Amino acid sequence: MSQNIPVEVLAAFKGGEIKPRWIRLETEEHTLKTIQIDMIYTHKITNFAGFKTFTFFCTIVVNECKRQIQLMYMTESCKWFITQE
Amino acid sequence: MEKIIFHIDVNSAFLSWEAVYRKKILKDTGADLRDIVSAVGGDKEKRHGIILAKSIPAKKYNILTGESIMEALQKCPDLVIVPPHYKLYERCSDAFREILAEYAPVIEVYSIDEVWCDMTGTLGVHGFPVALANQIKDKIFNELGFSVNIGISSNKVLAKMASDFKKPNMVHTLFPNEISTKMWPLPVRDLFYVGRATEKKLKNMGITTIGELANTDLSILKSHFKMHGEVIWNYANGNHCTEITNIVPANKGYGNSTTVAFDVDNLRDAKLVLLALCEQVCARLRKDNVYAEIISIEFSDYLFGHTSHQKRILTVTNTTNEFYRHVVDLFVECWDRTPLRKIGVRGSHVVSEALQQFNLFDGDKYLKSHEVDLAIDSMRARYGRDAIMRAAFINGSINHMTGGISADKNGETEYVGGTDECRKIFQ
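Protein sequences appear in the order of chains D and C.
Count the first sequence with numbering that gives the first Met the number 0 and you get residues 0 to 84, in order.
Count the second sequence with numbering that gives the first Met the number 0 and you get residues 0 to 426, in order.
Treat the hints as calculated values from the structure; they're not laboratory data.
A quick note: this is a predicted structure, and the numbers were derived from the prediction, not measured.
Cβ coordinates follow ideal geometry from the N, Cα and C atoms, glycine included.
Check the hints yourself; a few may be wrong.
Claimed, not checked - Restraint-style ranges between C-beta atoms, simulated for each label pair:
#, chain 1, residue 1, chain 2, residue 2, range
1, C, G120, D, R20, 44 to 54 angstroms
2, C, L63, D, I44, 37 to 47 angstroms
3, C, R96, D, M73, 13 to 23 angstroms
Could you build the full structure based on these sequences and the hints that come with them?
Structure, rendered in structure tokens:
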């Protein structure tokens, strides 16, 4: 079973760099919640199976609690996912 | 300067590519397909149920590429079978060739997962061949996630033989001075160009190893196998002098065939299948701007009996209607109403310039048909091949363009996940 969760992302594309700023997810009450990316620690670019992807290791604050997440951006399809290694 | 040829072969290609996609892109939580008894197989319901690739653990159960899924499941009931995704394989193949292009001045593509590279004269740039091969192998594994075997030698055949030695993720050399120790002890079936039938004939002659073949008198082999005898004798002795070229030779013929999901037992269904195949073959002919002079058909009945029939037409063609008319004539001439499971159509003796002798009264008809075909081709190129189809195929079970890779095999696996999983983040 896939661990990828499709997610809406607001990102800044500047000077050849991508920086995800906000993500938007659906809560258990079926309302959309927008969360700011607290910090991007690092990122890596991979080309597994010929799919060029950017993976960002970042933190968000949910319910006053910091959580570490990984965001994956697939360049060809322009899709964002929350993922896990 | 001695030639240095690399042969690069992806280990269990389709299966490795499926495994990498699932683990690295989909982040699948299940077991790695390469580590379990698994295979890539066709759709049993559509009678395309054969094993296309298998994992290394599956080899222990003697599961063979090309055998039916039923046979494979009898050997190992726990075999995990995944469907193929040809678009993914093309993508992986392109990515793998892109890495090779960084090192090799000339690349010859042998198949979707095998290439030859001419590395002659690159010693000063990239270093010793074995070190370079290891570097390429590791780069492919680290960047793309799948493993390859690399064979190094002074010609194409020996390089290919070397890459078939121990797998996976290995580099082997097979230079002419190593033939007697590394290649000659192998069974004759392992030799390039020796298939099941040749192996049987050679065994009847008492030849079981490549070494025995290499040391057999050439005239004896020629008397049994004609030219093929000389070819395999040369390969067994490591003789091969074809240059590596990146020029793709022009197609000699354009053919498509299909295994139908049901037995075709009436002329109407048979004609629809033939028309669908003609649509595909003629579209390919027109795309390359060539015309066929010889039209042939072939079919296999439900008992696997094979029939083929061909004819040379008066004027060359790539017009679907005309091509189809000839195909139906051929089919009606040789079909005895035995239910069919596989039907194929082929146009050969292709020429790039058409000198058409029109019938005195029908000249306009051919020109108009050709123009309609070109218009349909451009619509399909722009909006997809299902944008326009003949009315005969509407609501039918036969696809209007059959042959090649069907749309369902072409699709990439959808990314799974959704709002339910999204909620995990808030827990």
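A range of 37 to 47 angstroms was offered for this pair. Does it hold for the Cβ distance of L63 of chain C and I44 of chain D?
At 39 angstroms between Cβs, range holds.
Return holds or violated for the Cβ distance of G120 of chain C and R20 of chain D against the range 44 to 54 angstroms.
holds (51 angstroms)
Could you tell me whether the CB distance from R96 of chain C to M73 of chain D stays inside 13 to 23 angstroms?
For M73 of chain D against R96 of chain C, whose Cβ atoms are near 21 angstroms apart, the range 13 to 23 angstroms holds.
Checked against the numbered hints above, the structure violates none of them.
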